[in-house]
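Okay, here's what each chain looks like letter by letter:
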Amino acid sequence: MIPFDLAQPQSLAEAIKLLDPDDPTVRPFAGGTALMLMMKAGLFRPKLLVSLGRIEKKYSEIAADKSGLRIGAMTTLSALEQSPDAKKLTPVISRTLRTLSNVRVRNVATVGGALAHGDPHMDLPPVLIALGATLTVAGPRGERTLAVEDLFTGYYETVLAKNELITEVRVPAQDGKRASYMKVTAGSADDWPALGVAVALQAEGATVKSARVVASAATTKATRLKSAEAVLAGQVVDHRLLARAGEAAAAEADILSDVRGSAAYKREILRIYVGRAVRAAIEGRMH
Amino acid sequence: MTTTEAKVGAQVGHQVGRSLPRLESRDKVTGRAEYVHTMRLPGMLHAKLFRSTVAHGRIKSIDTSAAKNFPGVAHVVTIADIRKVIPDPYYGPAFHDQPILADGKVRFVGEPVAAVLAADPHVAEEAVQLITAEYEELPAVFDEVEALTANTYIHDELKPAGTFADLKHLKGVRNTNVALDYRLRRGDVDKAFASAAHVFEHEFKTQKVLHLSFEPHATIADYKDSGVTLYTASQGPSFVRTEIARLLGWPENKVRVKVPYLGSGYGSKLYIKLEALALALSMISRRPVKIALTFEELFYQITRHPTTFRIKSGIDKNGRIIARKCEVLWNGGAYADIGPRVTQKSGLTASGPYDIENVSIDSYALYTNVTPSGALRGFGVPQLVWAYESHTDMIARALNIDPIEFRRKNLLREGRPHATGTVMKDAPSTRYWTSSPSGSMRSRSTAAPASSAAAAASVSASRR
Amino acid sequence: MITPTTSVAIVNVSADGSVALYCGTIDMGQGSDTTMAQMVGEVLNVPAESVRVVQRDTDVTPYDMGTLGSRSLFHMGHAVRRAAEDAREKLKALAREVGEPEGSNIPIPALFVKKYGMQAGNVIGTGIYKPDYIPPAPDTGLSANITAFWMISGTGAEVEVDTETGHVRLLKLVSVLDIGTPINPKIVETQISGAAIMQLGFTMFEKMHIDGGQVTNASLADYKIPGFHDVPLTMENLCVDTYQSNGPFGAKGVGEVATFGVSPAIANAIDDACGVRLTELPLNPEAVLRAIRAKQGKPLGNE
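Sequence lines, in order, name chains B, L and V. Take 375 as the starting number for the first sequence in the working numbering and just add one per residue. Take 8 as the starting number for the second sequence in the working numbering and just add one per residue. Take 1045 as the starting number for the third sequence in the working numbering and just add one per residue.
FYI, nobody ran anything at the bench for these hints, they're computed from the structure. Heads up, some of the hints might be wrong.
Here's a subset of chain B near chain L, in silico, CB distances under 10 Å, partners left out [what the hints assert, rightly or not]: (1) K414; (2) G416; (3) R419.
From the three backbone atoms N, C-alpha and C, an ideal C-beta is built for every residue, glycine too.
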């Protein structure tokens, strides 16, 4: 690893000032779990890393009210995993985090980092998209809010400018919605997923009122599968409906081949796992 | 401690048979155990390696000028520099086929081509990025089946090390990728196949995998005219000493090899690995030199042999295996390392733990343009058992015989000759093969679509 | 290097009675220092904990062919045993020399004092071991004595196959081994588990992906080894009660033997479960699903 400068600003505003919109060798640094891998592999060689570890504490806090859950972007994944508010309001998030990488990673990796990195293999983005989460982004010209769904533009690509930072994630109150996330690994159990499927449903009994279905890992970015959602909307869940939703998802998704499996295989397991995820959401269990 | 109470004729109780916790465990868990990876010597330089990006090619040029001019760089070394201190810079346990740095040709992606020395490892790493090389790409062979008949040859001629009698006939042989052909002939296989009630033939493959020691390879060489000391993460310091003495033309007593604890090895740290390069770099720089691989570099050091195993069995009407023919191709990668030993020592067990009158085995060590293959926990046997025990099950199923029963009928027992002719003895457990297996391992119905159980048996000769 | 291979060991008894062992076997986590110390302790009647195992240094520790192929406990074990026995006999000779009666229980320090007048001197025992061996005949590959000992094992596997996705869950893995009489049962247990789990990784998913000679997953992020969640729900390690008559204290090497049967046992269990036969490792979910779908006449495409 090549030496680089490390800045440790005391405030968000100061951090944003240190970032350079045009220089890709200057990057913010939160938990560093992804960035360190890239640096070790020689894929990223920073001149300056701007550590966010010392900015205002409020960016590491979790709050809950009637409107839902507010998660500071510097919240570590393990803090979110253990949060009583998250367990109560969005149990799918707590359950997802339990098998996200390992406890050493979760202790330092942050919610903001998991989103800003744009890595399609991350577990949190599909779940947050399914739950309809939004995020607040701060930059030199102030703040803006966008849906997590609109954050990703491609493989490791987001709409964030190089001098913008995610400050907060808001998960709306779920009002009885049921959600699930299924991570499918093709290597060891703790491998990056070959496929992630997140589902959130408004349902009455076995009838789906509305659904959000999101695929990740097999796709270039966490992606809503709207044709599968359309198949499910207003229908009673049975194995034929789930098969149709799976077919629709498999037909719609843009899937990549890599060392974790061919596109043909991943398309096949997407077809299966959409149905399994819907069933798990309805039945209130996780894979 | 009770050492001073030791008495000439006394008894302190049996020491053998105790589940004594490992003696070094406290040092290890408190971070006090010594490893080469964390060791430093005064004045030490760090080496970082520039590696080939092509699988097979002639080196047209190597441009080290920018790296040499990089502030903090002490030396940038290629094979031309190494020849000045070690005139014949080739090493290896079975063949002297591996150059200390690429010599005219590169033979796999990741092969070391140049080394940068600096007091600061980060500086050395940065300077490596400034080296460029031009190659004339040659056709490459990656697959062991292809390598057997290909017109592309990884080495111009074979250079057996002279340590093994069974490799001597290969000296100077050209136009081949076969680094060793081991053959076993017992009985008359063709005749037996002709008389067999059933003949089964299958092909099995294994993939390239890695040892992945928790401590990657690391070596420090400290060369002085009076002698050289190597601190190295090695599973075989005696061999390292012999080979380093040979490269130097020195008596062994001028070569000192020190090995602290190893963060595992699994066969990856056998024979000679980074030691020859560390030696050469210390001779050139006249300072202690350390080479410590990263985890990523392990993929270019040593791996397990991928294999293709064609196995054919003849079965008589009573369900006895009367003939077995084995052809095993071992993908050895670009340098032989200990592959020829794996080919022979494991090859002779290829027909499995069965009592078969007629056996034919052909086992080939093959050069290819990938990372070299060596010994990995089992020394080739797991690849063979994979094939012959899958094959055995397939035969039993095809003949509608219980796979356990089929094995029991054919297993080699105490007092009977193995395929090699060696009579199996001191294998008392084989008597259990006549009794019923204890307990049941059959499948139980579960919520999942399918569930079941099976078994495999193996017998292997100690390879040493 | 040339079979048969050689191991040499030295046992040094100091004048205070403390014992050091010089042997070239590398302790790389397999616990050889501990088991070698136990063998010395057994012969010299001292606690194994008190035996100092000297760090490997070719200026100090004598020749050993290498730590490989499950040879150390057998080959070096014999050399260590012989070195300790040699030291024991020399101590007895020393006792006789200073006038101790046969079977005397004189403390060792007192023995040295009696001989040298003070705490001084050493007793050095040496041991060498090289098994008998006949190399295979060049034309037939046959030999009347190809091995010093046989490595014998069996593996049983119980699996659950998800026939829709190809995922294989290992419910049970049973290793049954003939390893003679263990010197250290706990170490044997962990060697067996470690070997089986390592081979399990090579069986189920580990693979260097190579494209045009380029390794495309050359990092620990993309080349995964088994973690805790990959360990079978039940693992049983069973050692047949045996005594290796030509081994040191009835023992033989155990580092590799539990790897042997893992791959075919799992593949055979998959066949038993869902009727598909895989002939190429690894048995990853895609390979299993492709085989299942081919059997169903609905093969997966090559997208």
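Tested hints:
no.	hint	result
1	K414	holds (7 Å)
2	G416	holds (8 Å)
3	R419	holds (9 Å)
Hint check: no violations occur; every hint is consistent with the structure.
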